[in-house]
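The residues making up each chain are set out below.
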Amino acid sequence: MAMTGYGRKNSERYLPDQGREACGLFGVMNTSGKRFPGNIAISAIKNIKVRGNGLGGGFAVYGIYPDYKDYYALHIMFENKRREVKTVVEKYLTENFNVAYDEQIPTNAQVSLFHPPLVWRYFVTPEKKGDERNLSDDEFVVDKVMHINTSIDDAYVFSSGKNMGVFKGVGFPGEIADYFLLDKLYEGYIWTVHSRFPTNTPGWWGGSHPFSILDWTVVHNGEISSYGTNRRFLEMYGYYCTLYTDTEVMAYAVDFLMRRQGLPIEVVSKIFAPPMWDTIEQMREKEKHLNTTLRMVYGPLLLNGPFTVIVARHNEMFGITDRIRLRPITAGAKDDMVYLSSEEAAIRSVAPDLDFAWTPHGGNPVVVRMNSTDHLLSMDNSI
Amino acid sequence: MYSYLLPEFAIERKTERCIKCRVCERQCPVGGHKYDPDFDAMFSYEEVCVGCQRCAVFCPTGALCVQPHSSQYRLNYSWSREKLQDLKKQAETGGVILTGSGNDKPYKVYWDHLVLNASQVTNPSIDPLREPMELKTFLGKKPDSLEIDLNKEGFEIKSELNPNKMIELPVAFSAMSYGAISYQAFLSLAMAAKEIGTLFNTGEGGLPLEMREKYGGNAVVQCASGRFGVDSEYFNCASIVEIKIGQGAKPGIGGHLPGEKVSFNVARNRMIPEGTDALSPAPQHDIYSIEDLSMLIYALKEVTNYTKPISVKIAAVNHVAAIASGIVRAGADIIAIDGIRGGTGSAPKIIRDNIGIPLELALAAIDKRLRDEGIRNKCSVIAAGGFRCSGDVLKAIALGADAVYIGTSALVAMGCTLCQKCYTGKCSWGVCTQDPYLSKRLNPEIASVKLVNLLRSWEHEIKEMLGGMGINAIESIRGNRDHLRGVGLEGWELDVLGVKGAGE
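If you read the protein sequences in the order shown, they are chains A and B.
Counted the way my numbering counts, the first sequence spans residues 1 to 383.
Counted the way my numbering counts, the second sequence spans residues 1 to 504.
The following block holds chain A by itself, in its conformation from the complex:
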């Protein structure tokens, strides 16, 4: 992996504080892949307004660019609407990519928000040179995104996956949806949304959720007490945290374990929220060996402290809470629609006649997959 050295600080003590937050989460997926508009996600998150304080909201939507589905869709924000930064970024993009199409992401001028940046989208394919040809397209894109995020001031990539996009900013999620015209312009088969209640990081558009790398997106609530351990472990593998929120760490951990190491979420959940040693002792030999080894090898990626997280990528969405369930997650299903949220009320408000609603135990993931009913597995032993 060529992604090394960016953003490395000589002294770790100058790293800014991590963000800490307690937020509202919602995710919805159609397991048949049918696309639907944003009103479900928008109404649901409005229902749990108390979980946010207007300092951040955002959406990740999958399946929104069918016409450009083979291109990486880069959503890039330019702080203070600085056109000169845009020029720098575009020079960098044309050096490394074929840009098939680009445009400003349409916004609603009627909505007044705190300090909006200029947000542009580029549909690109990699143009690799020299040694870069050895990299996969995904690795190449990650490398370039890391470069823009860490080395070009005032530019930040919201998302970089194909046929998906992240829309986020400083405001209540409803306001963000209005600002980016999400209910009018886009349809997707997965929507995840986040309403933020930061307690010590100032509002910044890039700092809102979802966090994304390639087509992975993460929305998260909680505060990860293991942040320093997780961050320093990921740095060994070339991930440099530039946003100083624990959600970023989670996004990179997901990328590292699931994309780069190819582990399924059923295994990754045992790394993020492992069973207690007492429980492992009681397991059958094989399972005990698996769980012991995972803790031994990936202990630095145990996410300690209260969290609920909803992670999505194409064809998959999953939610999980911390190992002692200091934060809740609730799942609901109705036909081919599956809902995840930090509170059941948000789900009930948009789907009053659910077939099932359940609250899984800490560390037990709800995995929603295309054309499957895997999500129902987590009903076993649920509350």
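Heads up, a few of these hints could be off.
Here are some, though not all, of the chain A residues that point toward chain B, as calculated from beta-carbon distances under 10 Å [what the hints assert, rightly or not]:
1. Y227
2. G262
3. D278
4. T279
5. R295
6. Y298
7. N304
FYI, nobody ran anything at the bench for these hints, they're computed from the structure.
All values reported here derive from a predicted model rather than from experimental measurement.
Beta carbons: idealized from backbone N, C-alpha and C, even for Gly.
Place chain B on chain A using the hints.
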């Protein structure tokens, strides 16, 4: 030659309390108390007193008080009493001044300038009396990634793993050899390590045959420059093999166990003739470079058939981070780093007090260097040298240590009072002596309970502190310097420690 030295301690005997039972006389191994039948009186000989406090503790009527002697030279900040006394000692003997225990000079103790975090509001703290709080630690090399297959029976690990030793608590006993310490003290450490599920370290004195089966699973066996007591059964009975390159109390020099301490049993364990000096050379004479170290590491792996982690113990010195990186690349599974306050049974005072760097800085530098090079997972780091309480331990783990070794704390738990006379072999507490009259004072059944109690109390305290931080597994504080803040440290010190100042 009449000695010009002032006594170090004054023995005050309250005659109205003294019943002349002569306990003090029997307890004192250096002859500090004598009963004179002609006068029917107890007399004190202060010039030999080392301040071990054995007599004061055992005096049944509380008649004794031993305290630093009040005779003082004229106050001089450059020429302290200790400096003057040392000059006089050397003038009288022409020798290197020996001492025992760790460095007692006022170098900055960084643990006392680091404070830990706790949760407030945004993150609930966890009550360790109600919730599980996990301290299990694995020592050894971890792979970069795991290959996992999904088959009919579920997920299965395909990768071959390097040997790791699991310990229940990230605190192990430091290397203290049978020979330096008494058999009773050595056995007490082994018993306590087994009871707790942690490790004791044989040092370079071998592991007595009768202890191997019962305590081998909790033993770190050392292969040091003298190669005492070394054979393949010795390596194979243990759970970790440690190559001793250096010791924090005496970096760069070897060891010398005087022939008087080489009793029959000590001699048998070390595989040397009884009564001969056991001399450990300064370097390992088959290691003159990092490549040579690698050859020894792999020789030991061959001997143990790749079933045990190999540790390399070094003293903290200037380029310790680069040295550590070389050691990992040479194939070591564990690095033990011993700082300037590390203890010893015997060392030249000038070496102990002047050579090496503080553990805290060395540990932080090593952890950062190994991460920068992307090889931190390839070894475990054990920190040693001057851990006085569980707070120090947790701070070390937050700085980046996987576990710590404690030596002095364990000795103190068994009775040691840091009189620093270990090298004389006249330890009145039976800890650091081979004299059967003295060593039988230490009952392993009792001393091991004290050690277990010590570790259990630290375990409780570590759990309380972790819970306060909202963390329920030790792996989540390891290297987590966000939970540390510095107080009273300069910018460069905070930089080396990788820690912010308090309030930052």
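Here's how the hints hold up against the structure:
Nearest Cβ of chain B to the Cβ of Y227/A: about 6 Å, under the 10 Å cut. The hint holds. Taking 10 Å as the C-beta contact cut-off toward chain B, the hint placing G262/A at the interface holds, the least distance being around 9 Å. Contact between D278/A and chain B, as hinted, is supported at the beta carbon level, the nearest pair being about 6 Å apart and thus within 10 Å. With its C-beta approaching chain B no nearer than about 9 Å, T279/A sits inside the 10 Å limit, and its interface hint holds.
Interface restraint check for R295/A: the shortest CB-CB distance to chain B comes to about 7 Å, inside 10 Å, so the restraint holds. With a cut of 10 Å, the hint placing Y298/A at the interface with chain B holds, because the nearest CB-to-CB distance is about 8 Å. Among the interface hints, the one on N304/A holds; its C-beta lies about 4 Å from the nearest C-beta in chain B, closer than the 10 Å criterion.
Consistency note: the structure conflicts with none of the earlier hints.
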